[in-house]
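S.K.: Letter by letter, the chains look like this.
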Amino acid sequence: MTARIETVGDCKILHVGGRIDFESSLDFEQQVNSMIQSGGGHFVIELSEVELLSSAGLRVLLSTAKRVQHRHAELALASPSPVVLQVFRISHFDLLFKIFTTLQEALAAFGVSGSLAAAKAGTEEVVADKGKTNAAREEISSPPINESVAQPSRVKPPSLSEIPLRPPPVVQEPPPAVTQPSSPVESKSLAEIARPVVPPPLPIPVPRTEERASSGTSTPPPVPMSVSADRPRREASYPAVLEIRAEGISYPCKDGDVIGTAGRVANSFFASIAGLEARHLLIGQEGDRWFIFTPKNIAHPFVLDGVLLVAGERKFLQYVEHQMEFNGHVFGLRLIPDRRKKGIFGRPSK
Amino acid sequence: MVFNQVHQVRDRCTGLGLGALVPCTNRYPARPFEAMPNRAAIFQPVRYHRLVPMPSFSYEVRNRRDALSDLTRELDSTVLPVLVDPSERSALLLIVDELVSNLLKYGFEPGKDQCLNMHISLNDDWLQIDLKDNGRRFNPLARLSPESLNREVADRQTGGLGVYIVREMMDTAHYEWTPPWNNLTLRKKRRAKDDCTN
Chain A
1 MTARIETVGD CKILHVGGRI DFESSLDFEQ QVNSMIQSGG GHFVIELSEV
51 ELLSSAGLRV LLSTAKRVQH RHAELALASP SPVVLQVFRI SHFDLLFKIF
101 TTLQEALAAF GVSGSLAAAK AGTEEVVADK GKTNAAREEI SSPPINESVA
151 QPSRVKPPSL SEIPLRPPPV VQEPPPAVTQ PSSPVESKSL AEIARPVVPP
201 PLPIPVPRTE ERASSGTSTP PPVPMSVSAD RPRREASYPA VLEIRAEGIS
251 YPCKDGDVIG TAGRVANSFF ASIAGLEARH LLIGQEGDRW FIFTPKNIAH
301 PFVLDGVLLV AGERKFLQYV EHQMEFNGHV FGLRLIPDRR KKGIFGRPSK
Chain B
1 MVFNQVHQVR DRCTGLGLGA LVPCTNRYPA RPFEAMPNRA AIFQPVRYHR
51 LVPMPSFSYE VRNRRDALSD LTRELDSTVL PVLVDPSERS ALLLIVDELV
101 SNLLKYGFEP GKDQCLNMHI SLNDDWLQID LKDNGRRFNP LARLSPESLN
151 REVADRQTGG LGVYIVREMM DTAHYEWTPP WNNLTLRKKR RAKDDCTN
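Protein chains in written order, with the numbering used here: chain A, 1 to 350; chain B, 1 to 198.
Computed spacing ranges between beta-carbons, pair by pair:
#, chain 1, residue 1, chain 2, residue 2, range
1, B, G111, A, D10, 50 to 56 Å
2, B, R65, A, G287, 36 to 42 Å
3, A, A262, B, R62, 18 to 24 Å
4, A, E247, B, R62, 26 to 32 Å
5, B, D66, A, G248, 31 to 37 Å
6, A, D10, B, L80, 38 to 44 Å
7, B, Y106, A, R89, 24 to 30 Å
8, B, N117, A, A262, 28 to 34 Å
9, B, Y106, A, G332, 19 to 25 Å
10, A, E247, B, E109, 19 to 25 Å
11, A, A271, B, D124, 42 to 48 Å
12, B, T78, A, G332, 42 to 48 Å
13, B, D76, A, A271, 27 to 33 Å
Just so you have them, the derived chain B footprint on chain A, three or more residues with Cβ under 8 Å:
#, region
14, 16-29
15, 55-69
16, 85-91
With a straight-line cut-off of 25 Å between C-alpha atoms, the simulated SDA-like cross-links for lysine to any residue are:
#, chain 1, residue 1, chain 2, residue 2
17, B, K188, A, V83
18, B, K105, A, S250
19, B, K105, A, A246
20, A, K66, A, D10
21, B, K105, A, V258
22, B, K105, A, M324
23, B, K105, A, G260
24, B, K112, A, A271
25, B, K112, A, E277
26, B, K189, A, H92
27, B, K105, A, V303
28, B, K105, A, N327
29, B, K188, A, P82
30, B, K189, A, Q86
31, B, K105, A, N267
32, B, K112, A, A274
33, B, K189, B, H119
34, B, K189, B, S56
35, B, K105, A, H300
36, B, K112, A, F269
37, B, K189, A, P82
38, B, K189, B, H174
39, B, K105, A, E247
40, B, K105, A, Q30
No lab work stands behind these hints: they were computed from the structure. On a predicted model such as this, the values are computed, not experimentally measured, just so you know. Here a beta-carbon is modelled for each residue, glycine too, at the ideal position from N, C-alpha and C.
Can you make the complete structure from the sequences, with help from the hints?
M.R.: Below you can see the structure in the form of structure tokens.
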């Protein structure tokens with residue numbers, strides 16, 4: 001799979017090529033994440049060079065649409081190849097997304113002015129090449145296509161119903177981009193590797209939306225999907241019990257639990273998720289406070305409340321509800337106040 | 001039992017050799033929508049309707065994590081160059097990706113010696129994929145279409161979508177359980193060579 005991010009005005013364009021299949025879907029998700037985290041109010045995924053889009057790729061597109069919707073931004077798909085279009089029609093994704101025959105049409109719909117060629121000078125590029133096909137390799141070695149020319153004519157003009165996702169005009173600033181460290185696995189205990197890189201953040205009350213707007217903060221924290229933007233998030237009161245909520249089932253956690261193929265917590269749920277490492281996320285407790293930790297060898301970390309976790313850093317849980325996401329699978333972390341009496345007569349309170 | 005003998009020979013042949021001789025029976029029909037031959041018709045002398053080589057390819061997929069990438073690499077070097085039509089190539093890759101990844105995730109049990117035998121055969125009219133595995137019993141054709149297919153983005157789920165896409169892309173599909181084997185036969189009508197311009 002090949003991918004390249006381009007910026008035209010307020011619009012971020014992700015050019016994707018090659019095969020988006022079960023194995024490359026993680027790379028695709030990674031590229032989409034970097035596009036969204038690079039900011040902007042409009043996102044376009046250009047699919048003219050895609051020769052295969054499997055359900056794993058559709059899952060990434062769907063989770064992207066959900067994330068973009070919660071950021072009050074807009075997402076469109078441009079110039080899908082006939083193969084991709086067929087998959088969209090079968091899966092009814094053509095009813096979910098704004099799909100445009102050419103990239104120019106997509107940009108025009110977003111009201112982005114200026115030609116692509118002129119914007120090429122300021123292009124920030126991220127290229128992922130997994131060398132899967134000869135076609136993909138040729139694409140990398142060949143010079144870039146002149147994108148001021150209209151998009152490939154082999155795309156049949158589809159009769160697509162363009163149903164907008166939800167077009168609120170408010171555009172939020174994105175969180176700062178995160179880097180992906182890729183250091184080798186460290187074979188140390190959880191207590192050793194999970195040393196905090198930054199001091200644990202104190203619980204900061206999140207002001208209401210109006211207050212945030214009036215205070216003029218440039219980078220408000222992203223609104224989690226599960227919580228309404230109008231309502232502040234409930235702070236967790238420690239001591240608390242942590243549980244994972246997935247598919248309507250609660251799985252209690254304990255200090256040192258591991259999420260991954262080697263983990264035991266919520267194993268029935270995580271076994272169905274492809275692409276998890278053996279120790280993908282560690283759950284720990286420092287004093288009373290719960291934290292999660294992504295080991296440094298993890299290339300595709302979880303997304304916590306819409307923000308990609310940083311490998312090698314602890315993230316303390318400060319709210320009652322958190323939403324985690326990976327490869328289109330969503331689950332929750334919930335902190336329930338632990339009011340059990342201590343001692344031998346202790347009983348759980350109702 | 002000329003009928004059986006011919007098929008034994010045909011089944012053993014995975015290259016271009018004896019595949020040239022294809023009997024007109026109900027198992028490898030020349031015209032799929034032809035009426036099923038009755039018992040008398042089966043024992044009629046075999047008629048050979050084709051004298052050009054018919055490629056067919058066999059693959060074995062073991063219960064390993066990286067089996068899918070190995071298989072894709074094999075397909076790239078064997079069957080895909082034979083397919084002229086890009087939509088056919090994509091369909092084949094998509095089907096293999098969906099079904100084999102599904103099988104490796106849910107069908108095979110970790111650490112067990114299980115395998116999938118895949119046979120791809122081509123003629124002028126049809127692309128046929130036979131899949132036979134000894135994983136968990138699973139009939140992909142019995143699954144209904146994903147319920148959330150017409151829902152909005154927020155309510156949309158993607159579980160079962162891969163199998164649904166495979167079923168929709170193929171023209172005919174047949175599943176049979178012969179313990180301990182899942183047998184799935186998928187067929188897709190091929191376009192005429194003149195139509196495969198793009």
